[in-house]
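Peer 1: Based on the sequences and whatever the hints tell you, model everything.
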Amino acid sequence: MSLDELIEKAQNSIDDLINLKIQTLMGSDFKTTNVDGKEELALDTDNTITGITSKINLVDGDITTEISEPFYKNYPELVQFHQSRETQGHQIIENNIKVIGEIIGTVKLWKSS
Amino acid sequence: MLLQELLGKLEIEGDKSPSKKNEDTQHLVELGYLPLFHATPFFSKQVALAKQQFLEDLQTANYIEAPELELYQKIGPDEFVSYFLRKVTDIDEGVVFKSLPAPKEISLKSRIIHYRLDLFGMWIQPLTTQSPYTSRTDVQLRILAEHVKLSTLETANLLADIEKFTDHLLSLYPQQDFILSFKSPNTDDGMRKKLQRRGAFKSQLVDDLEGRTDFFKQLKKNVLRSNDKKIDTGFLSSNSRNPLKLFLLRLIQVHQWKNGFYSGLLDDDMGPVTLQSTLDSIAFYNDGLDGGKKIKEFQVLTYVTDGYFLFNALFFLRKYAIEKDDKAGDLWSNMHEEVKNAKGDKQEAFQNNLEGMRKQLDGEDDHPKQKRGLLARIYFGIGSFIKKLAGMAKKVFKWVVKKVTKFLNVLKNAFRDFFKNLKTGIKAFLDGIKFILGNKTSVTMDDGTSGWLLTKFRLDGDVTSIANSNDLELIQKHIHKNKYMVSTLGFALTVVSVIVKLVFRALNFLSWPLLLINIVKAFKSIKASYQTLYLKPV
Chain R
1 MSLDELIEKA QNSIDDLINL KIQTLMGSDF KTTNVDGKEE LALDTDNTIT
51 GITSKINLVD GDITTEISEP FYKNYPELVQ FHQSRETQGH QIIENNIKVI
101 GEIIGTVKLW KSS
Chain U
1001 MLLQELLGKL EIEGDKSPSK KNEDTQHLVE LGYLPLFHAT PFFSKQVALA
1051 KQQFLEDLQT ANYIEAPELE LYQKIGPDEF VSYFLRKVTD IDEGVVFKSL
1101 PAPKEISLKS RIIHYRLDLF GMWIQPLTTQ SPYTSRTDVQ LRILAEHVKL
1151 STLETANLLA DIEKFTDHLL SLYPQQDFIL SFKSPNTDDG MRKKLQRRGA
1201 FKSQLVDDLE GRTDFFKQLK KNVLRSNDKK IDTGFLSSNS RNPLKLFLLR
1251 LIQVHQWKNG FYSGLLDDDM GPVTLQSTLD SIAFYNDGLD GGKKIKEFQV
1301 LTYVTDGYFL FNALFFLRKY AIEKDDKAGD LWSNMHEEVK NAKGDKQEAF
1351 QNNLEGMRKQ LDGEDDHPKQ KRGLLARIYF GIGSFIKKLA GMAKKVFKWV
1401 VKKVTKFLNV LKNAFRDFFK NLKTGIKAFL DGIKFILGNK TSVTMDDGTS
1451 GWLLTKFRLD GDVTSIANSN DLELIQKHIH KNKYMVSTLG FALTVVSVIV
1501 KLVFRALNFL SWPLLLINIV KAFKSIKASY QTLYLKPV
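Those sequence lines, one after another, are chains R and U.
The opening residue of the first sequence carries number 1 in the working numbering; numbering runs sequentially from there.
The opening residue of the second sequence carries number 1001 in the working numbering; numbering runs sequentially from there.
Because the hints were derived from the structure by calculation, they are not lab data.
These figures come from a predicted structure and were not determined experimentally.
Among the hints, erroneous ones may be present.
[Unchecked claim] No farther apart than 27 Å at their CA atoms in a straight line, the calculated lysine-lysine pairs in the DSS-like style are these:
1) Lys-1021(U) <-> Lys-1045(U)
2) Lys-1501(U) <-> Lys-111(R)
3) Lys-1501(U) <-> Lys-108(R)
[Said to hold, decoys possible] Computed footprint of chain U on chain R; a stretch qualifies when at least three of its residues, placed anywhere within it, have a C-beta under 8 Å from a C-beta of chain U:
4) 18-24
5) 75-81
6) 87-94
7) 98-111
[Unchecked claim] Which residues of chain R face chain U? A partial, calculated answer using Cβ under 10 Å:
8) Leu-6
9) Lys-9
10) Ala-10
11) Asn-12
12) Gly-51
13) Ile-56
14) Leu-58
15) Ser-84
For every residue, glycine included, the Cβ atom is placed at its ideal position computed from N, Cα and C.
Peer 2: This is the structure:
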């Protein structure tokens, strides 16, 4: 791997810092898929909604949550768990955005020198 | 070097460095959480249980501040356990208590007090998980308290700072009480002949006692005689059995062990190994001096007769404790300058010999050792020792390059700490890089069922969790496990940021040993800045 690849991967990871996606799913198996260049986890099943997905726009504060009724009724503990994951998603961005910017900046300078 | 190559090389470097498992296991044995015979890799389950019990006791220890517990949770779970095991067994800046344990109490507090008594020879039987705080503990504390003229609580707390403890003793007793005698029947004739120089010993004694005091005259008349038949062995015998003097000998042994000169058992045997460690510390003092007056061994330690030695512990305790120089800075920053300014062949020798030392440490430190059924302790609490060495970085560099063996234990103590910080620093760096390049995944399994819960954290804040079970206990276990995940990842990213900047600045003159020293420096400085940030005084 080269410095170029490191910069590219790091920048891809943080290109979408505006939208947070928090998912909590119930299933017995999972797979990784590529969605718009991002590697994502998903259930290895044809079921439609099998959990909760929250999409949070950090700029205007819009939150969209999709949840299936059976999931909401049958898995209240996981619903609560999902809320704690939203908090962690926020914290990742809050804590690390400055540091990541510094790393990318230094590596770019390193590359150009 | 390609980035991939660098990361690969660092991963190998991290794997090669000794782990903290040996240190953790030793401390668990010392605190009575684990019997000595379980301190081997075959009993990993028992070690894990002992660690778990320690962690539970730690959470209820009101003498450890909550911010400090939080801070080390943020740095990482491995660092958390190791840091607090070291802290509670530290005798430099150890924990202090507001009260002693209650009768029959078994707690982390009672274990720490028993550990301290054991270290100073005041606890005869092995510590076990069933060692409650009883009248027996109280009796031993009182004996020690009588020596130091303090309450039992003050005494227990003073044992957490061995230098302050020693200074207190020096201020309490007349100088002559620090002239000790002991019997060492197993010392060979060569050592005895080497140290049989009473004239030099007498001159030094006059200096230290500030004149020819009555005590000096008595020693000169009855003990320091050239004719063996006229030596009062009764005096030597009773002096060597005096409880305070026995304690002082043990105190010196603990100082020697702490500073890396003594690698034998902490016991009351003033045998050849203990004697040799005294001579090594004198040689170290002489070698470390720049232009000052060097001392001969027989000026402070002399053979008398019938296996008896006289030892000027007063001189030793005052002068041979290596002076701490607060202006000397940090050892690894100073070592960085020595390595950076060294010529290519010296850098290469430094790297090769450092590698040799690491292999030796790895072989020796894989699990705690026993000698004669007792724990052969290694001193891991190197805080003040490293500060003292900071002003001797030039010497330390020279000793490594020239592979000087006479101070090998001193160097091993210092570099043991170096390799441990290197291992943890590299792990944090690689964790940070992996997080940047992909994600961090955490999985919790249910031991009883086949339930699992997996969470993947991405750098952009997206979090995906998949569960095959709604079990509440499993969910709570997962939440607890990941409580500090975000902070730990943040710490890892900070390590990456600092190291990347250091490497970038030093691009044109960065050798491999310099990179490793930079990683240790970066890791320690980030830990220190987290401490400043999170442990602000009220």
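Peer 1: Under the constraints set out in the numbered hints, which ones does this structure not fulfil?
Peer 2: Hints that this structure does not satisfy do not exist here, as all of them hold.
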